[in-house]
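Novice: Work out the full structure: start from the sequences and follow the hints.
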Amino acid sequence: MGIKNLVLDLGAFKVLQEDPNAKQQDPILSGWYVDPRTGQRVFYDSTAGKFFTLAGGVYIPLGYMNPAPKQVAVAPGDKLKITLSFKYTGPAITGVTGYYCLGIYGTFGFNETMVGQTTFSIPQVVTPPSSPNVTDSYTFTIPTSIGTNWDDIYVKIFGGNPSVGGSATTSFLFGYENALTIAGIEPSITEFKISDFAKV
Amino acid sequence: MVTGITLAPLALEQTTFNVGDTVRVTVSFNYTVGVNKTVRLFAGPYYTNLLGKHLVDQCVGDADVALVPSSTPAAQTATVDFILIPKANSGIENGTYGLRVWIEDTNAVAEQDDVIIVTGNTGSSDMFSSMMPMIMMMMMMGMIMPMTQQRGGETEE
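Residue numbers (our numbering), protein chains in the order written: chain B, 1 to 200; chain S, 1 to 157.
Derived from the structure by calculation, the hints contain no laboratory data.
Check before you lean on any hint, since a few could be wrong.
[Claimed, not checked] Simulated restraints, written as ranges between beta carbons of each label pair: (1) S:R24 with B:I3: 53 to 63 Å; (2) S:M145 with B:A198: 48 to 58 Å; (3) S:N107 with B:P123: 32 to 42 Å; (4) S:T16 with B:S145: 33 to 43 Å; (5) B:E112 with S:I117: 56 to 66 Å.
[To be verified] Below, a list of computed lysine-lysine pairs in the BS3-like style, where the Cα atoms sit at most 30 Å apart: (6) B:K79 with B:K193; (7) S:K37 with B:K79; (8) S:K37 with B:K81; (9) B:K87 with B:K4; (10) B:K87 with S:K87; (11) B:K193 with S:K87; (12) S:K37 with B:K4; (13) B:K81 with B:K70; (14) B:K70 with S:K53; (15) B:K81 with B:K193; (16) B:K199 with S:K37; (17) B:K199 with S:K87; (18) S:K37 with B:K70; (19) B:K193 with B:K70; (20) S:K87 with S:K53; (21) B:K70 with B:K87; (22) B:K193 with S:K37; (23) B:K70 with B:K4.
Computed from a prediction, not measured in an experiment: that's the story for all the values here.
For each residue, glycine too, the CB sits at the ideal point set by N, CA and C.
Specialist: This is the structure:
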């Protein structure tokens with residue numbers, strides 16, 4: 001089976017993007033807010049620049065999971081290549097960790113069932129790019145034990161020198177819900193119908 | 001005005017079979033599976049009464065269907081045979097039955113009411129029907145004979 005690609009675009013680094021004022025829509029003060037779209041109560045940490053929700057007594061970062069723009073069908077033995085990209089302007093960074101996850105995203109966060117990591121470097125860039133200028137990728141081999149609900153995916157980058165952020169505190173994470181259609185060990189059958197019956 | 005009612009012909013036409021016939025059912029479906037997998041396809045007649053639908057277990061047939069790995073929905077057809085075992089062999093009675101087909105350990109089920117008409121049983125119920133005129137005649141004779149015997153007795157006196 002061939003390699004199947006899922007490309008994730010992390011977008012622009014917030015502090016270094018071309019027009020920082022254009023997307024400055026986050027609330028300024030830390031505190032509880034109501035998401036006008038979902039009605040969900042969310043907490044905004046202005047220091048970290050992140051949204052959180054409270055579930056099971058744990059604050060969970062919000063906003064890094066998004067509806068998948070497409071679904072990729074995979075089966076045991078397939079290779080799934082996930083590529084991340086982003087626009088970067090700034091000094092060279094060495095030893096950045098790319099962190100790739102497949103799993104189940106739910107109320108209590110992301111259950112990481114498969115994890116892959118890479119290490120890559122970012123060259124110095126002085127001119128803001130018009131398109132993503134840094135990419136990295138990781139290729140998973142889908143195991144026979146894969147669950148048919150391991151259909152969510154997220155990536156993040158952290159570490160490096162100078163550091164772009166800690167593993168748990170990095171702002172550079174992004175994910176897709178229902179990104180995969182998984183053919184597991186048990187068959188999934190649809191459109192089952194009787195075509196004909198006759199004496200033989 | 002939109003009624004929301006869609007008229008469509010029945011998928012299957014009612015067909016008459018004799019007991020002892022073998023019925024071949026063809027099904028179609030789409031599937032995804034990650035490994036080579038063999039599933040078991042079942043088919044059989046069922047009847048409906050006040051307590052619901054009841055499969056005629058003695059007549060259920062099965063067949064294995066091999067599925068090759070496919071991560072995208074793949075079209076598949078399969079056939080399964082079942083035999084209409086006569087009532088005399090603890091099988092099916094004459095009448096009208098539905099047809100049910102399903103795949104074991106999945107949610108794949110298809111059925112349609114009143115598509116199988118079974119005839120040809122010469123079991124106990126038919127024997128009773130054929131003997132009914134004779135029984136009726138004997139009962140009538142049983143009623144008439146005492147009357148004639150009684151009338152004949154009076155004449156002798």
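Novice: State for each hint whether it applies.
Specialist: Here's how the hints hold up against the structure:
Taking 53 to 63 Å as the suggested C-beta distance range, the pair S:R24 and B:I3 does not conform, at roughly 43 Å. The hinted range of 48 to 58 Å is satisfied by S:M145 and B:A198, whose Cβ atoms lie roughly 55 Å apart. Separation of S:N107 from B:P123 is about 53 Å and departs from the stated range, judged on CB atoms against 32 to 42 Å. Between S:T16 and B:S145 the CB atoms are about 51 Å apart, so this pair departs from the stated range of 33 to 43 Å.
The supplied range of 56 to 66 Å is met by B:E112 and S:I117, whose beta-carbon atoms lie about 59 Å from each other. For the hint pairing B:K79 with B:K193, the CA-to-CA distance comes to about 33 Å; that exceeds 30 Å, so the pair is violated. Between S:K37 and B:K79, the direct Cα distance comes to roughly 21 Å. Compliance with the 30 Å bound is thereby established for this hinted pair. For the hint linking S:K37 to B:K81, the alpha-carbon distance of about 26 Å falls within 30 Å, and the restraint holds.
This hinted pair checks out: B:K87 and B:K4 have alpha carbons roughly 24 Å apart, not beyond 30 Å. The hinted pair formed by B:K87 and S:K87 fails the criterion: a straight-line CA distance of about 78 Å is larger than 30 Å. Between B:K193 and S:K87 the alpha-carbon distance is near 29 Å, which keeps this suggested pair within the 30 Å criterion. Straight-line distance between C-alpha atoms of S:K37 and B:K4 comes to about 23 Å, which keeps the hinted pair within the 30 Å bound.
As the CA atoms of B:K81 and B:K70 are separated by approximately 14 Å, the hinted pair is consistent with the 30 Å bound. Proximity of B:K70 to S:K53 is assessed by CA-CA distance (about 42 Å); at most 30 Å being required, the pair is judged violated. The straight-line distance between the Cα atoms of B:K81 and B:K193 is roughly 36 Å, outside the 30 Å bound, and the hint therefore fails. With a C-alpha separation of about 29 Å, the suggested pairing of B:K199 with S:K37 holds against the 30 Å cut-off.
A hinted pair counts as satisfied when its Cα atoms are at most 30 Å apart, and B:K199 with S:K87 qualifies at roughly 19 Å. Proximity of S:K37 to B:K70 is assessed by CA-CA distance (about 27 Å); at most 30 Å being required, the pair is judged to hold. For the given pair, B:K193 sits about 29 Å from B:K70 by alpha-carbon distance, which is consistent with the 30 Å threshold. Distance restraint check for S:K87 and S:K53: the Cα-Cα separation of roughly 19 Å lies within the 30 Å cut-off, and the hinted pair is therefore satisfied.
With a C-alpha separation of about 22 Å, the suggested pairing of B:K70 with B:K87 holds against the 30 Å cut-off. Among the hinted pairs, B:K193 with S:K37 is consistent with the structure: their alpha-carbon atoms are about 20 Å apart, no more than 30 Å. Straight-line distance between C-alpha atoms of B:K70 and B:K4 comes to about 12 Å, which keeps the hinted pair within the 30 Å bound.
The structure fails hints 1, 3, 4, 6, 10, 14, 15 (numbered hints given earlier, in ascending order).
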